[in-house]
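With the hints as constraints, model all of the structure from the sequences given.
Protein chains in written order, with the numbering used here: chain A, 1 to 451; chain B, 1001 to 1451; chain C, 2001 to 2164; chain D, 3001 to 3164.
Bear in mind the hints are in silico, worked out from the structure with no lab data behind them.
Model, not experiment: these values are computed from the prediction.
Please note that the accuracy of each hint is not assured.
[Claimed, not checked] Once the Cα atoms are required to be at most 30 Å apart in a straight line, the calculated DSS-like pairs of lysine-lysine come out as:
(1) B:1191 - B:1065
(2) D:3118 - A:191
(3) B:1123 - B:1191
(4) B:1059 - B:1191
(5) B:1006 - C:2130
(6) B:1203 - B:1266
(7) C:2130 - B:1065
(8) D:3130 - A:59
(9) B:1123 - B:1325
(10) A:59 - A:239
(11) A:3 - A:266
(12) B:1065 - B:1239
(13) B:1059 - C:2089
(14) B:1266 - B:1003
(15) A:325 - A:59
(16) B:1239 - B:1416
(17) B:1003 - B:1065
(18) D:3118 - D:3130
(19) A:123 - A:266
(20) B:1266 - A:325
(21) B:1239 - B:1266
(22) A:266 - A:325
(23) C:2130 - B:1003
(24) B:1191 - B:1239
(25) A:203 - D:3130
(26) B:1059 - C:2130
(27) D:3130 - A:3
(28) D:3118 - A:6
(29) B:1006 - B:1325
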Amino acid sequence: MVKINKMVIANRGEIALRLIRAAREMGIATVAVHSTADADSMHARLADEAVCIGPPPSKDSYLDKRAIMTVAELTGADAIHPGVGFLSENQEFAEMVEAHDLIFVGPTPRHIGLMGDKIAAKKAAIDAGLPVVPGSEGAISDIDEARQLAQEIGYPVLIKAASGGGGRGMKVARSDEELDSALSTASREAKAAFGDPVVYIEKYLDNPRHIEVQILADAHGNVIHLGERDCSVQRRHQKVVEEAPSPALTPALRADIGRRTAEAVKFLGYRSVGTVEYLFQDGEFYFIEMNTRLQVEHPVTEMITGLDLVELQIRVASGEVLDIKQEDVVFEGHSFELRINAEDPFNFMPSPGLVTAYHPPGGMGVRVDSHLFADYRMPPHYDSLAGKIIVHARDRRSAIQRCLRALAETHIDGIKTNLELHDFILRHEEFQGGDITIHWLEQALEVRATG
Amino acid sequence: MVKINKMVIANRGEIALRLIRAAREMGIATVAVHSTADADSMHARLADEAVCIGPPPSKDSYLDKRAIMTVAELTGADAIHPGVGFLSENQEFAEMVEAHDLIFVGPTPRHIGLMGDKIAAKKAAIDAGLPVVPGSEGAISDIDEARQLAQEIGYPVLIKAASGGGGRGMKVARSDEELDSALSTASREAKAAFGDPVVYIEKYLDNPRHIEVQILADAHGNVIHLGERDCSVQRRHQKVVEEAPSPALTPALRADIGRRTAEAVKFLGYRSVGTVEYLFQDGEFYFIEMNTRLQVEHPVTEMITGLDLVELQIRVASGEVLDIKQEDVVFEGHSFELRINAEDPFNFMPSPGLVTAYHPPGGMGVRVDSHLFADYRMPPHYDSLAGKIIVHARDRRSAIQRCLRALAETHIDGIKTNLELHDFILRHEEFQGGDITIHWLEQALEVRATG
Amino acid sequence: MAQKSDKMTSNFDVSANLLRKLADTMGNAGLSEIEYVDGDRSLRLSRAAQVAAPAMVPAAPLVPAAATAAPAPAAPAATPAVEPVSDVKTIDSPMVGTVYLAPEPGAADFISVGDEIKEGDTLMIIEAMKVMNHLPSPSSGVVRRVLISDGQPVEFGQPLIELA
Amino acid sequence: MAQKSDKMTSNFDVSANLLRKLADTMGNAGLSEIEYVDGDRSLRLSRAAQVAAPAMVPAAPLVPAAATAAPAPAAPAATPAVEPVSDVKTIDSPMVGTVYLAPEPGAADFISVGDEIKEGDTLMIIEAMKVMNHLPSPSSGVVRRVLISDGQPVEFGQPLIELA
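Listed below in structure tokens is the structure:
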């Protein structure tokens, strides 16, 4: 086990703040890196040291591996936390960090690489005994092969980019007629977005929920699961509201998928926190992918388990043996996370700019993870996540009430935010009933727009 | 059981906000009352209705029973929550509320009266089997009686106002010589402060901790305790930092004093939340008084039990049967509350005025109960409590780290606050060691001033 | 921004150029105030801090017409002080309660617009906790406006009547 | 601080130069008020407290001298636009790294103050990840100031050299 004394936070925004907070509480000094656009940002202010690494475009700053490595070297840091997005699932970066004898707060480069390749990941999931969506074993290259497979597994089918993520390079085909154009469109989009035209085909599930299992593994083969998160409230494959536990699972289903996931992850020899994402329909789970990093929505798991995931992630990265057994993990109450985006609540146009007033909600059971402050200028160069309101209460119904109460207290001026969208979701009868799918929000918005 | 539909919040500041939040989450509409000085205040803004009841002086607004009753009548409220301070321990007001067939969210007027009279309260405590500080059975009227008693129980002795509270009308005498003047000073102060010159004498404990037990009782004889709070960090009898659990108690001592307190409260036929305050020295508890209301520091109990005390208080006031058994109450982790006052951190001069910037701390395990906002003008008419930072973590050491992290994020401009005092306390070796008494803070401040 | 006061003499004029220069400087330098004095003459420009109060859900006032409840959240010195007409006096409610304009149902109102009132005359009754409180006029004058209606609840400080 | 340099004209007017100078001084010195009196005439500039912006623990800059790190917390239009001297050009660091002023230890520095430099001349070496990057001058001129010292870590955008 190595003691980490100083850690570079290779990220920005609310997640950088999350990491700085955990590090500070652990007595670890932090070094923020930032672009010129973020010189005034909260993560640069709150870290013990802050270094400007480049101009606003991510590729010249937050994605500049060399600049970040140089900062680690110059500041004498002994670890790098990649956060979420940016370099967090970049195998080459993780290798570079390890080659410099620094601790990469994440999994081994090999596991990043494995799970970054969607086709290899699916194979690994099958080997590890996880249920997967029926589909091609590997890349699909020609239309005949595609047509045959589609007929075998039955329409509708989904064409996905092997290197994809975030919904780009994905197309649905509902018939032989649609297949050809869906295939070429997906491949073209995949090449444009990820530099890799390789696609594969899967059975398209019509009404699934998105349920993901949080895993925690040390470097010594100890793996536990921390229950699931339900992220079915999505728009264009972007999560909007997340909750734990899922209203769709029974305790038996929860224990079962948790155990199976932990066993699979142990089989893979994985270390660090990680998330195995599933679609869940008609009582069955289907593996989608594994995220080999912290997730934006990790706080809902923290709220119902009382465990600090970032702290644990750092501890296992430093080689510590996990001292929490599966039976120690107890789920208490219900938690929601509302992602606050700087965008129009209903047409979703991004709204960066000067935050003229910022007043977060407070009181019992309300946690706010946000890098906003009054007079902060949200730069247009990065994503629109402005923060997260996380709520915990004894049951789902009380948690919804608490979310509504917190929303009503929240005040952000100068930029548009999606607070009103959250109000719409939380008050919606169908959401309150809990019986929704990943398509629900888009359908509900359509009804709202036309109704 | 009566369903409460609308509740008058007969208070102001952060505690009024606390009540409004709980009510809103329970689906109860709220009516704020406010003085002209508080027209712009957060409690008046956040409540469903707000009514101005008088000019700034409390006696003409927040203490005006008739005005508050009139508001309840005019707005069609069916309950009144008195909060903390003001009319919360006013027997006459509670009687008035009940006489108008409204629900008083608190105990019966009789219990308020009983515990409001310190001499009667001590007798009741003895009858109920609680350990008390050795001292006079009742009022002390002449110096000979006082001298005889003081010699019996041994110097130092404490002279206290029968109707007192908040440290006023209290004097220590360490010898026969000091007794005479201490007696007359205390009596004079008691008359000035409470309109009642009656005093009594107790053994003065030199190095006690302040430990109080939280009680929850319904109207049907069900009483449980929710553990203790340690409020030993005081200055001039004002609590500054509170924590739960107390670092001084073993689980056995905790269970024992909790059980004894719950039994005594059940014996008294008490209903509502309530707090029995003890001095604790050399392994022994000594009853001081019982507060028949919510306490400012109730959140630390909420953090370690997960129970919403205000919600429970409202539910038992409406006649609900308590559905939590003693064995359901589990204490998890450690919690601190830092009282943020608008005052100089070291000379304690109040500092009301315009809050030009307000940025509360966020992140995991941090709760903020505060009525501040940017551009709020803190009026000079009321107490200096500007809010509370409440922290929860798995153990005392982690909670201290989290407090320090949260403090460093907190930013309040325009008024002076005691953030720096909290930093001083939290970093102090003796505080971190946990072995302190109610005199510790004053002694540490003296060392700081002279050192 | 800098209005000419009535008291200024005719030759106390300000060049538009000077004004613009000062105003520009304020803007560029983020100043809140500039004062320029030349002998008898002085010129002061000031700007209120632009701050943003969390507006939140403003509480619904007990009485929508009430002036004191639900104050404008931020309103940073937006409106220049309006000079009130000097000979109008507003009588505010001294308590929370329900106003009755007549001594009893069906009877004539104590006062009507245009009535001449003497100090001490009863203007209305304010009921609080079943107690009928006669509201005596604090001064003499003519009733210009009655700002409330019979049976209406009022809060402390709420304007009831304008006397001219 | 309040320099008396410019004479006011006899009209009720202020020289733009004086205004700018005072405003600049305020900005640079972080003042909240300046009052300038000359006989009968006086001029006062003030700026409201710097609002909001949770300053918190400002991050320690990598290099204390760095201009870009740890910016003034709030600085809402704090510094009035300073007219830069037109013929001075600052060359900023294009990367994070360690600067070396000489090609190797013991050798003479690439440049010194007063040197005449041609576009493309090597100004210094910036080392990042063991790679020595020669920094060519983007333009010609005379070295006015060298703002960093040998072996010093620099961040992106940090001013290195002033050319005149």
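Consistency of the hints with the structure:
no.: 1; hint: B:1191 - B:1065; verdict: holds (23 Å)
no.: 2; hint: D:3118 - A:191; verdict: violated (44 Å)
no.: 3; hint: B:1123 - B:1191; verdict: holds (22 Å)
no.: 4; hint: B:1059 - B:1191; verdict: holds (18 Å)
no.: 5; hint: B:1006 - C:2130; verdict: holds (21 Å)
no.: 6; hint: B:1203 - B:1266; verdict: holds (27 Å)
no.: 7; hint: C:2130 - B:1065; verdict: holds (14 Å)
no.: 8; hint: D:3130 - A:59; verdict: holds (21 Å)
no.: 9; hint: B:1123 - B:1325; verdict: holds (29 Å)
no.: 10; hint: A:59 - A:239; verdict: holds (24 Å)
no.: 11; hint: A:3 - A:266; verdict: holds (25 Å)
no.: 12; hint: B:1065 - B:1239; verdict: holds (28 Å)
no.: 13; hint: B:1059 - C:2089; verdict: holds (27 Å)
no.: 14; hint: B:1266 - B:1003; verdict: holds (25 Å)
no.: 15; hint: A:325 - A:59; verdict: violated (41 Å)
no.: 16; hint: B:1239 - B:1416; verdict: holds (19 Å)
no.: 17; hint: B:1003 - B:1065; verdict: holds (24 Å)
no.: 18; hint: D:3118 - D:3130; verdict: holds (27 Å)
no.: 19; hint: A:123 - A:266; verdict: holds (16 Å)
no.: 20; hint: B:1266 - A:325; verdict: violated (40 Å)
no.: 21; hint: B:1239 - B:1266; verdict: holds (28 Å)
no.: 22; hint: A:266 - A:325; verdict: holds (14 Å)
no.: 23; hint: C:2130 - B:1003; verdict: holds (26 Å)
no.: 24; hint: B:1191 - B:1239; verdict: holds (24 Å)
no.: 25; hint: A:203 - D:3130; verdict: violated (50 Å)
no.: 26; hint: B:1059 - C:2130; verdict: holds (21 Å)
no.: 27; hint: D:3130 - A:3; verdict: holds (26 Å)
no.: 28; hint: D:3118 - A:6; verdict: violated (42 Å)
no.: 29; hint: B:1006 - B:1325; verdict: holds (29 Å)
Checked against the numbered hints given earlier, the structure breaks hints 2, 15, 20, 25 and 28 and satisfies all the rest.
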